[in-house]
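A.B. asks: This is what each chain is made of:
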Amino acid sequence: MIAEIQDVFRDVFDDDSLVIARETTAADVEQWDSLMHVTLMVHLERHFGVRFNSSEVAGLKNVGELVDLVSRYVEAKGRG
Amino acid sequence: MAQNRWQDARALAKSGNPSAALAELGEAIRRSELDAQQLERAGALARKLIDGQAKTTLRIALLGECTTHWLTNSIAAIALGDGRQVALHDGGYDNVLQELHGEALQDFGPKIVVLLPWHRPSSSLGALADQLEHWRGVQQTVVSRLGAGIVQVGYDWIDPGPDGYHLAGAPGGALNAIRRANDELRQSLPKGSYFVDLPAVSGELGRRSFYDPRRYHWTKQPFSETGVDWLARHIWAGVRALVSGPKKVLVLDLDNTVWGGVVGEVGAAGVEIAESADGEAYRALQRHAKALTKRGVLLAAASKNNPADARAPFLENPDMLLSLEDFASFEANWQPKSESVQRTAERLRLGVDSFVFLDDNPTEREEIRQRASGVAVVDTPVDPAEYTRALTRELWFEAASVTREDEQRAEQYQTEATREKHKAEHASLGDYLTSLELRADVRDIDEADMKRVVQLIGKTNQFNVTTPRYSRPELEAILSLERAFGMSLRLRDRFGDYGLILLVLGRPAPDNTLEIDSFLMSCRAISRTVEEFAWGKVLERARALAYANILGVYRETPKNQLVADLYPRLGLELVSSVGAERRYLQSVQSASAPVSFVQPVTPAETAVAAAPA
Chain A
152 MIAEIQDVFR
162 DVFDDDSLVI
172 ARETTAADVE
182 QWDSLMHVTL
192 MVHLERHFGV
202 RFNSSEVAGL
212 KNVGELVDLV
222 SRYVEAKGRG
Chain B
3 MAQNRWQDAR
13 ALAKSGNPSA
23 ALAELGEAIR
33 RSELDAQQLE
43 RAGALARKLI
53 DGQAKTTLRI
63 ALLGECTTHW
73 LTNSIAAIAL
83 GDGRQVALHD
93 GGYDNVLQEL
103 HGEALQDFGP
113 KIVVLLPWHR
123 PSSSLGALAD
133 QLEHWRGVQQ
143 TVVSRLGAGI
153 VQVGYDWIDP
163 GPDGYHLAGA
173 PGGALNAIRR
183 ANDELRQSLP
193 KGSYFVDLPA
203 VSGELGRRSF
213 YDPRRYHWTK
223 QPFSETGVDW
233 LARHIWAGVR
243 ALVSGPKKVL
253 VLDLDNTVWG
263 GVVGEVGAAG
273 VEIAESADGE
283 AYRALQRHAK
293 ALTKRGVLLA
303 AASKNNPADA
313 RAPFLENPDM
323 LLSLEDFASF
333 EANWQPKSES
343 VQRTAERLRL
353 GVDSFVFLDD
363 NPTEREEIRQ
373 RASGVAVVDT
383 PVDPAEYTRA
393 LTRELWFEAA
403 SVTREDEQRA
413 EQYQTEATRE
423 KHKAEHASLG
433 DYLTSLELRA
443 DVRDIDEADM
453 KRVVQLIGKT
463 NQFNVTTPRY
473 SRPELEAILS
483 LERAFGMSLR
493 LRDRFGDYGL
503 ILLVLGRPAP
513 DNTLEIDSFL
523 MSCRAISRTV
533 EEFAWGKVLE
543 RARALAYANI
553 LGVYRETPKN
563 QLVADLYPRL
573 GLELVSSVGA
583 ERRYLQSVQS
593 ASAPVSFVQP
603 VTPAETAVAA
613 APA
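Quick note, the sequences are listed as chains A and B, same order. Our numbering applies: residue 152 is where the first sequence begins, and numbers increase by one. Our numbering applies: residue 3 is where the second sequence begins, and numbers increase by one.
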């Protein structure tokens, strides 16, 4: 899952060498500001075919929480 | 395939080849290969690659009451797909007045300012009046402080609010207030602005797709990704309408585009055009095309057919709505369509970048894309019932205004065909020109001419020595200089009226010299010695204003070779040549008016022309 999310990161930030880990935060990635955060979220939604709630997008602390969020939605989708 | 151009462009950008990357990006966007998300990312990349310092770059500023970050990127991308590298200034969230009165925007020097209201108009009339007063002030400041043109976006709603649709639409309701606000916003715009009717734009896509309320909570930006894409297209159409005007020519295929079936197989009476389910779709396109000619768009047929077969339905099928006279050019042959398009461009004396191409056949569309680049190719749907919608959706014919000249243009090109025939019957050029009975009416530019004059400045490419693209305020600033003048020339002949077709702007330069700031003429008046006649008038004016010399400047562009030798032809001497610029001088005292076959209108004729119809 994190590898697939990393691909989306690389696409959005246009940086093929970008590496993310669960501990990665916005402060670690150049350009990852509040506007780019929203760009990233809507690209993830599109890539995984899911739709996040407003509060979920705002409350993420690091990539780990993001991975968990995406996994939850993808699993729910698989069950649905 | 589609992904490749986008990825190739990114790779080119990384390998330090910005111009190739921009070309590849532009091609991917022109071919509609990017979805809304990719388009926004492409715009962000394009903005990094475009050299915003270049003087020729079109400069656009966005001032919004909401966040305009994504919109700015998407506009850059759409402009690039339309062949324009633009520099954009993003005013940021709800910063309109601060930006407008600050230094940054003035230093940026926008040619166009996009205004985007978002705070809901109040349904209390007093508060609404205050809001509109605010925008009126903003509009006026854009003109007075920045001298820029305006693309004003209107108000819209996401939902009708607590009153519900019925009550919100009644006087005092929220939707009613928004509609009123839009009417007033539009009316208060200075002349030469473009209004984006946001309820109409979001309505076409559907508000449920156009808006994403979550995004307003996250970053004060109400539009979904598709909404951003869609709105950016409309804003760019407005910018294009202001800086270069609408496209001028609609090239139409015939078989299965203008009528159903192949005329060479089914005959003139057999093509689908009658009032049946199939025929109705083609009739709708014909009706649409015919209406476009009334707005000044020229129709050109480009068909792979025997010439007689292609014409037969127009002559023999009573259900046809278009007639041969509606076409300014008619190409029916078996050669590649790019060649037909090229010949049409020469015949109409217009660049192919003012052409829109509609053809049901994807192979022909690809041939045009590859061999007549610059032509706007409509992504034509398979079902003819969708033709007119496809044609309007791409916004190629968006115009800020329609002038009298636009309304008469189609007619003028038909008259041009009659003149060509007449020309063949006369032996010498002088005889021919004399027989045309050319009459010129020269006047100072006045208020009534302004719209047409600014339009002529904006879109004349070939007969244009300096090619400045003045906005109306810029033009007014030049005309207000002491010893400056702006001269317009209207032309007619025995076959018809050409309208206002020539413009000369003169302004003072050092050493008691009159500098010809602009000298331009519509292409339809070429080869009639009109420029020689106009120069005689310029000399008269220079003497009246007591100038000693006239300075003429020629600045070469990819399109104005036609006038490379204009000044030597008019008797001026070359004094310097630096880069693309050549400067010529003429002494006013010793100059004589060049030979022309144009006569001034007599006072009696002027009186007739000025009389109310």
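What the hints contain is simulated information worked out from the structure, not anything from laboratory work. Warning: the hint list may mix true and false statements.
[To be verified] 16 Å max Cα-Cα, derived EDC-like pairs, lysine to aspartate or glutamate: (1) K50(B) with E174(A); (2) K50(B) with D166(A); (3) K16(B) with D184(A); (4) K212(A) with D165(A); (5) K16(B) with D179(A); (6) K461(B) with D328(B); (7) K222(B) with D184(A); (8) K16(B) with D167(A).
A.B. asks: For each hint, tell me whether it holds in the structure or not.
C.D. replies: Outcome of the hint check:
Among the hinted pairs, K50(B) with E174(A) is inconsistent with the structure: their alpha-carbon atoms are about 30 Å apart, more than 16 Å. Between K50(B) and D166(A) the alpha-carbon distance is near 14 Å, which keeps this suggested pair within the 16 Å criterion. At most 16 Å may separate the alpha-carbon atoms for a hinted pair to count; K16(B) and D184(A) exceed this at roughly 22 Å. With a C-alpha separation of about 23 Å, the suggested pair K212(A) and D165(A) falls outside the 16 Å cut-off, and the hint is violated.
Straight-line distance between C-alpha atoms of K16(B) and D179(A) comes to about 22 Å, which puts the hinted pair past the 16 Å bound. The straight-line distance between the Cα atoms of K461(B) and D328(B) is roughly 23 Å, outside the 16 Å bound, and the hint therefore fails. Distance restraint check for K222(B) and D184(A): the Cα-Cα separation of roughly 15 Å lies within the 16 Å cut-off, and the hinted pair is therefore satisfied. With a C-alpha separation of about 10 Å, the suggested pairing of K16(B) with D167(A) holds against the 16 Å cut-off.
Hint compliance for this structure: hints 1, 3, 4, 5, 6 are broken, all remaining hints hold.
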